[in-house]
Amino acid sequence: MKKNPLSFQLDLNPDDFLPASEEEKESLVVMRESVSFWKDGMRRLRKNKVAMVSLIVILVIMVFAFIVPSFYPYSYEQQIKGSNNLAPMQYSAQELARIDAGEKVFPHIFGTDKMGRDYAIRVMMGARISLLVGLIASAIILVIGSIYGSIAAFAGGWVDIIMMRIVDIIYTVPDVLLIVLLSFALEDPLAKLASIHGFGWVSKVGTNLICIFIVFALLYWVGMARMVRSQVLMLKENEYVTAARALGAKSGRIIKKHLLTNCIGTLIVTTTLQIPSSIFTESFLSFLGLGVAVPMPSLGSLASSAINGINTYPYLLFIPAVVISLIILSFNLLGDGLRDAFDPKLKN
Amino acid sequence: MAKYIFKRICLAIVTIWAVATLTFFLMNLVPGGPFMSEKAVSPEAMAALEAKYGLDKPLGEQYLTYMKDALHGDFGQSLRQRGRSVSSIIFSKFPVSAKVGGMAVVVALVLGVPLGCLAAFNRGKVWDHIISVIATCGIAVPSFVICTFLMYTFGVKLKWLPTLGLTGPANYIMPVVALAFYPMAYIMRLMRSSMLDVLGQDYMRTAKAKGVSQSKSIFKHALRNAILPVITYLGPMMAYTLSGSFIVEKIFTIPGLGGQFVSSITNRDYTVIMGTTIFLATFMVIMMVVVDILYKIVDPRIKLK
Numbered sequence: 001m002k003k004n005p006l007s008f009q010l011d012l013n014p015d016d017f018l019p020a021s022e023e024e025k026e027s028l029v030v031m032r033e034s035v036s037f038w039k040d041g042m043r044r045l046r047k048n049k050v051a052m053v054s055l056i057v058i059l060v061i062m063v064f065a066f067i068v069p070s071f072y073p074y075s076y077e078q079q080i081k082g083s084n085n086l087a088p089m090q091y092s093a094q095e096l097a098r099i100d101a102g103e104k105v106f107p108h109i110f111g112t113d114k115m116g117r118d119y120a121i122r123v124m125m126g127a128r129i130s131l132l133v134g135l136i137a138s139a140i141i142l143v144i145g146s147i148y149g150s151i152a153a154f155a156g157g158w159v160d161i162i163m164m165r166i167v168d169i170i171y172t173v174p175d176v177l178l179i180v181l182l183s184f185a186l187e188d189p190l191a192k193l194a195s196i197h198g199f200g201w202v203s204k205v206g207t208n209l210i211c212i213f214i215v216f217a218l219l220y221w222v223g224m225a226r227m228v229r230s231q232v233l234m235l236k237e238n239e240y241v242t243a244a245r246a247l248g249a250k251s252g253r254i255i256k257k258h259l260l261t262n263c264i265g266t267l268i269v270t271t272t273l274q275i276p277s278s279i280f281t282e283s284f285l286s287f288l289g290l291g292v293a294v295p296m297p298s299l300g301s302l303a304s305s306a307i308n309g310i311n312t313y314p315y316l317l318f319i320p321a322v323v324i325s326l327i328i329l330s331f332n333l334l335g336d337g338l339r340d341a342f343d344p345k346l347k348n
Numbered sequence: 001m002a003k004y005i006f007k008r009i010c011l012a013i014v015t016i017w018a019v020a021t022l023t024f025f026l027m028n029l030v031p032g033g034p035f036m037s038e039k040a041v042s043p044e045a046m047a048a049l050e051a052k053y054g055l056d057k058p059l060g061e062q063y064l065t066y067m068k069d070a071l072h073g074d075f076g077q078s079l080r081q082r083g084r085s086v087s088s089i090i091f092s093k094f095p096v097s098a099k100v101g102g103m104a105v106v107v108a109l110v111l112g113v114p115l116g117c118l119a120a121f122n123r124g125k126v127w128d129h130i131i132s133v134i135a136t137c138g139i140a141v142p143s144f145v146i147c148t149f150l151m152y153t154f155g156v157k158l159k160w161l162p163t164l165g166l167t168g169p170a171n172y173i174m175p176v177v178a179l180a181f182y183p184m185a186y187i188m189r190l191m192r193s194s195m196l197d198v199l200g201q202d203y204m205r206t207a208k209a210k211g212v213s214q215s216k217s218i219f220k221h222a223l224r225n226a227i228l229p230v231i232t233y234l235g236p237m238m239a240y241t242l243s244g245s246f247i248v249e250k251i252f253t254i255p256g257l258g259g260q261f262v263s264s265i266t267n268r269d270y271t272v273i274m275g276t277t278i279f280l281a282t283f284m285v286i287m288m289v290v291v292d293i294l295y296k297i298v299d300p301r302i303k304l305k
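As given, the protein sequences belong to chains F and W, one line each in that order. Be aware that the first sequence starts at 1, since it is given in the numbering used here, and climbs by one per residue. Be aware that the second sequence starts at 1, since it is given in the numbering used here, and climbs by one per residue.
The following block holds chain W by itself, in its conformation from the complex (with noise of 0.2 Å):
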């Protein structure tokens, strides 16, 4: 078990060093540099701002700075909003994101999973089919498609629920839906079917046989075997609900780190674009490690390899 751990948690370090890396190449080929954009500036001042970000020094050099100064978690300064380091505009901002994709989070496995269940154990019936079809409808809508759907129906013509910002409890409503209903359609079809095969098998029969109780049978034996598949989707789920966000929180003004990832690319504001990469990809990579090792503890059966 330790092997594994800690073989995953070289994987992932490696993987959130390649990230970087690619970042700030990537950042680098941009053509210009990040001051071109900016009004005529004369070469003196543009010598000047360049010796101020280090920009002048080799690019090799320039990397080992960065990399030194990023594992001690400094992204440097923002280039639009003056004065503010990105580490501080990334732990301002990462909270309000956190809130509202962990309610996301909850939100699709609350229904998900009691739903799936209720599809298995219906099979063929209405409430099967009933389900299925917004299980499928949930995975062919893209997001910003049921956004802008649930902003026009119940913020725009209803007028039931706010469409600006994060002031109130209602605020939250439209968002978390929005971004909960991919993830539920998922979670309720991986749901059907894990609990359709559960269910076939002998130790279900078994349990019957003996003469244990309905519930304690679907409580005890079947969710807790059928609930497996669940558990490995957290991880794509996490950095679904991450990316959902971009858009989510750009249709809904959220002042979220995914509406500021968004705006900073329109912004060009290269270092708040190189931050919020890395951080968010060492968040994706650590959740994913987490959840890995979380199923291996929780099912013994997968063989550690």
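One chain only, chain F, in its complex shape (with noise of 0.2 Å):
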């Protein structure tokens, strides 16, 4: 057959058509493994010194907060009779005498304070507090605002008019004005519903406390909202969602697996940088005497409790207000490093 010398067309021989030799095949095979999003976020989050730093402080304060308390020799509401206000690694009279008797005696580190309770104990306790009421309010905002603002942003139309008319309302509700309000209203209702038969878990976990989850509930979340619903208005546009529906997928199920784990990225940095503005929260309300229940500490209530012997006794102040501010610095670090590893366009 003649060929046109302009044309593209290959010469080809039946040699072309044999199968692929050993030797051929091997340009195929994926010599590096695939980067999977995790790995590489995590990667770019190994590499970050700050980040990295903070993790472990965090990681460290946990372990103090919530597996060193179990073993302490002391617990936080045990008054130790004639050891009030030590200072640190002081040891009563009672106490001395028992260590020239032999016996061992746990050191006071931190002092005790002037109902002669361990310090060292207490600010761990607190400390469990402020993280606890960080992460489950976190998590609290992470499910209600994805939630409401995918379903606003999938949704469309009138229905996502209004639902961001409501966010845009609480949005410039003052807040800090509500939390009070509400901390302070709920408090004898919640009071009584502990007492119920079957809500005794209410007392347990503190009326204050589940006033502030209530609050961050109903008010917090829509921060969240709004980012979650700016990134799925992005994202629903994407053929993936068109060809899911193609399929005969429900909305609920294109939200769920198609929208929301693609926004995974904003989901953790907005959650990881809400949870020092929760514990941020939770000490402002402890110091006004609206958060947990005596005697249950916070750190926000140690310090409070703490400003009228700041004379005399300083380092009761100190140590609780170090290690909040440990503890929101180091979140907020961990956040922004969060944000440069999974979400660099965020970074602004």
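Worth flagging that the hints you see were computed from the coordinates, not collected in a lab. The beta-carbon is built from N, C-alpha and C at its ideal position, and this holds for glycine as well. Not one of these hints is a red herring.
A few chain F residues facing chain W, derived, Cβ under 7 Å:
1) LEU177
2) LEU181
3) PHE184
4) SER283
5) PHE287
6) ASN311
7) ALA321
8) ASN332
Simulated pairs of lysine to any residue, SDA-like, Cα-Cα distance not exceeding 25 Å:
9) LYS7/W - LEU219/F
10) LYS49/F - ILE139/W
11) LYS47/F - SER193/W
12) LYS68/W - ILE169/F
13) LYS47/F - ILE134/W
14) LYS159/W - ALA87/F
15) LYS192/F - ASN28/W
16) LYS47/F - HIS129/W
17) LYS157/W - PRO314/F
18) LYS49/F - TRP127/W
19) LYS157/W - ASN84/F
20) LYS157/W - VAL322/F
21) LYS125/W - ASN48/F
22) LYS159/W - TYR315/F
23) LYS192/F - THR21/W
24) LYS49/F - ILE134/W
25) LYS47/F - CYS137/W
26) LYS7/W - ILE162/F
27) LYS49/F - HIS129/W
28) LYS159/W - ILE310/F
29) LYS192/F - LEU26/W
30) LYS157/W - ILE307/F
31) LYS114/F - TYR152/W
32) LYS114/F - THR253/W
33) LYS49/F - CYS137/W
34) LYS157/W - SER325/F
35) LYS47/F - VAL126/W
36) LYS7/W - ILE161/F
37) LYS296/W - ASP168/F
38) LYS57/W - PRO189/F
39) LYS7/W - MET164/F
40) LYS99/W - LEU109/W
Two chains, each in its own frame: build the complex with the hints.
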């Protein structure tokens, strides 16, 4: 057959259709493992020294807050007679006598407060409360905010308009005022609820703590909802959403399987940065006396009760203050690191 | 523009109404009513008290009366401070808070903007690092920690500054610094990132190529564009200053509205709590609206929806 000199037609012969040899196949073998989203992010995070240091700090604080108290020789509400207002590492007269008698007495590393309670364990328990509040509140915010935001964005139209108007109103509500007001007003009804059979857990958790969670659930999800909405608005135009719908996927499945999984980076970052701000708010409330109930300590209430003795016992104030600043600082820095690692677009 | 302002004001009114309504019903949720905590009161005296404050009427009617009075600036009488109306308490205490808060806002802006610019101009150098450390710490440290730290160092140990009350100019230093610290740190961060963004823009290179002097290009081109995010932050900053005043005024015993609010919570002075909440909420929402409108006027590039 005569070939046009300008044609791109290839000259093929039967040899070209033989199965590939082993040698030829090798060029197609994937030498490097494919890097998943997580691995890629974690690799970038591991390179970030500041974020890794703050992660270690958070882990150390968590060990002290959740594990160490379970085998610590003192408990947070135990009042040791005669050991009031001890300075750090100081022993009371009775304890000195016991040491002379050959007994081993665990030192009060941070001293004791005016009721004779070991301060180190109280700070640890306070850190536990602060961390729990931060984690649980952020989880609540994550769930409500992401569901609300994705539904608004996915539904679109008037549903979106109404849902976002509600968000706008909640957004302009002065949150701190309402938090104070709500925790004040809900105190008694919750205490009543606790006395009903089957609701005993309410008093165990502490009514004020539940108030704080309710407040976070009512008010603080709006930022998350806005964030998720803007992401989903962008994502829902993608072809895979159309493809999923063509295959008959229900809206709920598309939101859950495709849209939310694709904004996981934003979700992680926003949640991590939400933790310090929840802790911040909790310590603010505890400081005003609207936080956790006595004798349960929180870092805010510890600092608050130490203020009156600032002249004589300044360390009672400085220890919780330093711990809370450290917690908030580390979460902030870790959040920044996570943002750089998982969601570089967000970095402005 | 007029349409936008109208819409924004409508939203603000709805917000204020929602807050006021919520406040009213939340306060009614507290069981026993405001006279429960008083010493044993005979049933007749109780009924007389309730009739005096209109508490014997149905809730709906109470709500309408309260809202009508509130619109006229009348929030009723204080339950703890006999013979004083809530509005007179608010108007005697608010100027004190406004003075301290206003000074804090000015300090935060005056320090935050130049320091943020300084960090941006010296990107990666010593100044940048120092400023970013200050900014990171400022955002992480709660205001009560700053307050107590200042009080301990300058009031108790060094005895340079008075710790209580608001009698002389020196009394203002610590509360204002404590209140201004967080917003200042935040503004520094905002200013740094937006300035870096602006410095990389084409028009900055054009200005330089035209031979515009350094100072003129910074003030005329860079600063005017970079300061816009700071303007959006003004609204939240007001809200922060207001809520921060609760703690600052409590610690430094300043006779302002924030301290009053906190003490009325501990005293369970219901009418003062309600009145102050509604007043502060209205104030905050108005400030937000003003800042929003200001922002649209300052930056004509923003599309008016």
